Every structure is written in structure tokens, then in C-alpha cells.
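Trainee: One letter stands for each residue in the lines below.
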Amino acid sequence: MGEVPTPGTGGGHAGPGAEQIKAIPAKHSGRWVATILVTYLGVAILWGILTSPNFKWGIFREFFFSDAVLRGLLLTLELTAIAMVIGVSLGIVLAVMRLSPAKVVSSAAWFYIWFFRGTPLLVQIFLWNFIAALTGPHPAIGIPLTHIVLFRVNANALITPLRAGILALGLNEAAYMSEIVRAGILSVDEGQTEAAQSIGMTRLQTMRLVVLPQAMRVIIPPTGNETISMLKTSALVSVIAVTELLYTVQLIYSVTYKTIPMLMVATVWYLILTTILTIGQFYLERYFARGATRELPPTPIQRFRALFTRNLTTFHAPLPIGPVAGTVGKDHR
Amino acid sequence: MSTVTPMVKSEGVRKSFGHVEVLKGIDMEVAPKEVVVIIGPSGSGKSTFLRCINHLEKINAGRLAVDGELVGYVQRGDKLHELHDNEVAQKRSEIGMVFQRFNLVPHMTAIENIMVGPIQVRGESKGVVRDRAQKLLDRVGLGDRGGAYPAQLSGGQQQRIAIARALAMQPKLMLFDEPTSALDPELVGEVLEVMRELATEGMTMIVVTHEIGFAREVGDALVFMDEGVIMEAGKPRDVVANPQHERTRQFLSKVL
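If you're matching them up, the sequences are chains A and B in order.
Final position of the first sequence in our numbering is 333; the numbers increase by one with none missing.
Final position of the second sequence in our numbering is 1256; the numbers increase by one with none missing.
Careful: at least some of the hints might be erroneous.
Listed next, the in silico SDA-like pairs over lysine to any residue satisfying Cα-Cα at most 25 angstroms (straight line) [as the list claims (entries may be wrong)]:
#1 Lys1172/B with Lys103/A
#2 Lys103/A with Asn1086/B
#3 Lys1033/B with Leu1070/B
Read the hints as simulated data drawn from the structure, not as lab findings.
Being a predicted model, the structure only gives us computed values, none of them experimental.
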């Protein structure tokens, strides 16, 4: 059959017929026009923002690192963290409940999700804030459906706006998280459960040791999104006077009337935080991908380095780049 | 009949999925140290029967006992009581099972896959289990691959790890559900070799497979199943050389 070109050698190491193609590139005039137009508009907008006197960058600089703003920022972070901890833990419980063979248990989880996803978060925030109106100022804590009272609490002291905000955000988040966790659990191959059971693991051990760690790979990316989303959603509790980032800047501009620069302070801080979280999410996903892929995707730093070495060696052997680089042809069999 | 308790005793076992009856009365007895090979076309119920033995499937009728004890139930007086989940789990831990698709836990290394059962289910100490796991790795010829993740191993290697995982629980019975069907032809031999050794060492085994050669050399008995019933059973050489049923003849002519 004579010489058959070997497919997949790819490296460009000169063999017969492996000569580099030299051709005049096709003209993409449309692309050039679009590129110029977009660049022009981008520069114009940026220039406008940075030079417009209305933005009052002096005030922005004055307040960006001010104590009040930093305190608000810290509270926003605390709200996000606590609400997510509540959301994730309760979400896992709800997801396992929904998959329970006991009908009442799974219905209870369904009902919870139905309620908390079916009403606006803003309404839930108000409800928790005014819960004392429902319970009276000194509700009794005891055994339900009996007259046994263990102790009485002061509802107004117990449910501060901050706690109401945490409850509202956390309980609402649990409803969404439970659906994410449930999808993750269902995505794990049934053979895994059977194998775990075949060596004598109980249902709980199977869930904890075998299923949930694998479900994580499916659960982590949307959970990262939820966290980023929570960071921004936490601004809603400003309506019940919790001095997180947004309410803090509102308090300041209600006195100084410098609305836009103060809102820009909040905006830039939110952007910084979401950027940091996005980077964190990348590494988290990478960690949970271990064992599932033969090689992990490169980190941005590794990719940057690869780009650099590629430029040096490209003349002889162009490296494949992209998230799956290195997964091809490295079969350990 | 001998006085020895059979390792597996199945009497009139029936199993339905919805309206489809997959097992229509299976009678079988497996003596300790015996190797029984089950063959048959797909859909004949052979895998289902295997899964009934460690209660991954619940039987609808008949009696099924392992080592003299009913599977999934306990008899008190003339009434059957369903076993609690944890009791079922405890019984399963004494029966090893190897699956067609290996089902190793992907986020654990090979040796962790082997160790997780004894540590978590039996509560044995890590040091003891690690030694035993390493010995098992050596035994299946993968002594140096303990740190590898399943995805870094070939199918044949994964299946050998899966066998080691089952053996780590020191089972009294091993069930093999088409252990070589998902493997490239060149990898089948290494898995069969491990199984052959296991049989020589006196493990009681029930093997569902299409490997007639293995059945003939290693099996003490060969069972041919079709459409939920046992069509024919006997010494492997006899069944293969001289099948009594037309259906057995047809099947063997296709797989041999």
C-alpha cells in the first residue's frame, strides 16, 4: 500500500511530507472594522467614566478604604459566609430527605422547597424581621402540641435585624442548594452504590464515603455560582437596616448627598470580591476533579508559562494548548 | 445429599420486574469450595440471580439461603421477618461481588479502594488493613500500582483491583458478574488468571461469564440458563461436549 501518512503525530518533527504550509492568510476586513469600533467605544466609555466630574473620584478615594465602608464590607462577607454555611448544610439534609423512601419525609422536603423558592426573598426578609409580631414579644419555647414550656425568650432581642437577615438568606439558599445537591447525588452512577453496598456499607456510609464526594464534582460549580450570587443578594438585607456594604454607603450618601461616588465604592468592592471568589472557584473545581480526569487542567499560571515556553519552542514543536492539553495520548495502560 | 451446609441453596426462586418475570423458579445448590459457572444469553436472568444472592435484588418467591441463613429474611416460627438494612449490609460484607464495569470509587486510589471496606465496615485498624491490602495488590500482580487512581489504570487492572477489594473483606463466597465482558480481548487473560488462582485456593465462586474456556478448565459445574429457568446443568466438559437441549446446543455453537 506504499506510504500511509501516520495520523496524530502532530508534532511537526520533520518527516517526509511534514512540510509547513505557507499560505497568504484570508482577509477578514469585517473583523477589523468591528475590532476598531469596539475598541473605540470601549476607550470612549472608560475615558468618560474616569474624567467625568460627576463621578467625583476624589470622594471615591476618600471613602474607599474608610472604616465605615470596610466594616460594611466585613459584614457583607460574614453574611455571605454564614448564609452559605446554613444553605449548604441544610441543603444537603433536604436533598437526602427528598431522596428518602419515606413518603412523609420526602414530602416535607418538597414542601420546604416549594415555600422558599415560591416566595420572593425580599418578602422572606421582611417576614423574619417582623417575626416578633407573629410570636408575640415573649414566645415560649417548649414541646410542640403540649403545654410544657421550657423557657421564654425575648423575640425582639433574639431576632435582631442581622439575625433576621442571616436566617432569611440562609433558609432561602437551602432550598436552592438542596436541588443542586440532589442533582449531584443523582448524577453518580448506580454501580457505585451497588459496589459500596456489596462490601457491606450501610446507606449512610455509602452516601458519605462514595456518593457525596463524587457528587461534589457536579455540586461545586453551581455552588460557587450561588456563593457569588449570595455576595450580591446579601445587599437586599439593607432594607431591614443591616449595615452591610450597600446600607453603609447609603447611610453615608444620605448625609453627604454624594450618591454616585458612594455607589461606585460599593460597585468596585463587589467586583473585587466576586473576582476573588471566581478565582477560588477555579481551584476548588480543580481539586474535586482529581481521580475523574487523568490529568488536571492547568492553572492560569501554568497556562501562562506554557504560552511562554511555546513561544520559544514553537518553531519546532507547537504544543497543544487548552484545558485538555496533555490528556491525549498519555494513556498509562 | 451430604451433611455439609451448602454455601448457596436456592429453591424455586422467582423474581419479577413489574410484569416481567425474570426468574421463573431457580433451584441450585453450591457446595463450599465449589466453582459454579453460569452461562446463557443476555436477558436469561443469570445476572439477576447473582444479584439476588447478596440481596441487591429482592426475590418475590422461593427460598434463597447463603451458608444456611436466609438472604434478606430471618425465620421465626413459621413467619418470615425482613432484616433491617444494617443486618443486610452486615451479611453482604461476607459475600464478595465483582461487577462487569468494575465500579471502583474514582476519587480513591487503588489501595484506598481496597482498604475502605475493612476500615469502615469492620472497623479494623489502618495498619493491619494496609498490610493485607498490599498483600492483595501483590497477589493480583499490581503491587506497585497501589497509589494509582482508577482512571490511570487499564480495564484489566481495574478489575483486578476490584477483585482485591472484594477479597479484602475475607468473604466466604465470591460472585462474579460478567467480570471480563467490558474488557479488551487482550486484557481478559490477566483477570481470568487471578480468578483461576482464587479457585485453586478453594474459594467458593459463582461466575456469570461468556468464557466457555474458563468454565471448562476451572468450573466444577456449568449451568445454562435461558428465559429465567435453568435449562441444563452438569460437569462443564459434559455440558460443552454433549449438550442435552437443543437450546444449549444453539447457544454453545454461537459462543464457542
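Trainee: Could you run down the list of hints and mark each one as holding or not?
Mentor: Taking the hints in turn, this is what the structure says about them:
1. Using a Cα cut-off of 25 angstroms, the hinted pair Lys1172/B and Lys103/A is violated, with the two alpha carbons roughly 37 angstroms apart.
2. Pair hint Lys103/A plus Asn1086/B holds up; C-alpha atoms about 21 angstroms apart against a cutoff of 25 angstroms.
3. Proximity of Lys1033/B to Leu1070/B is assessed by CA-CA distance (about 20 angstroms); at most 25 angstroms being required, the pair is judged to hold.
Going through the hint list in order, the structure does not satisfy hint 1, though it satisfies all others.
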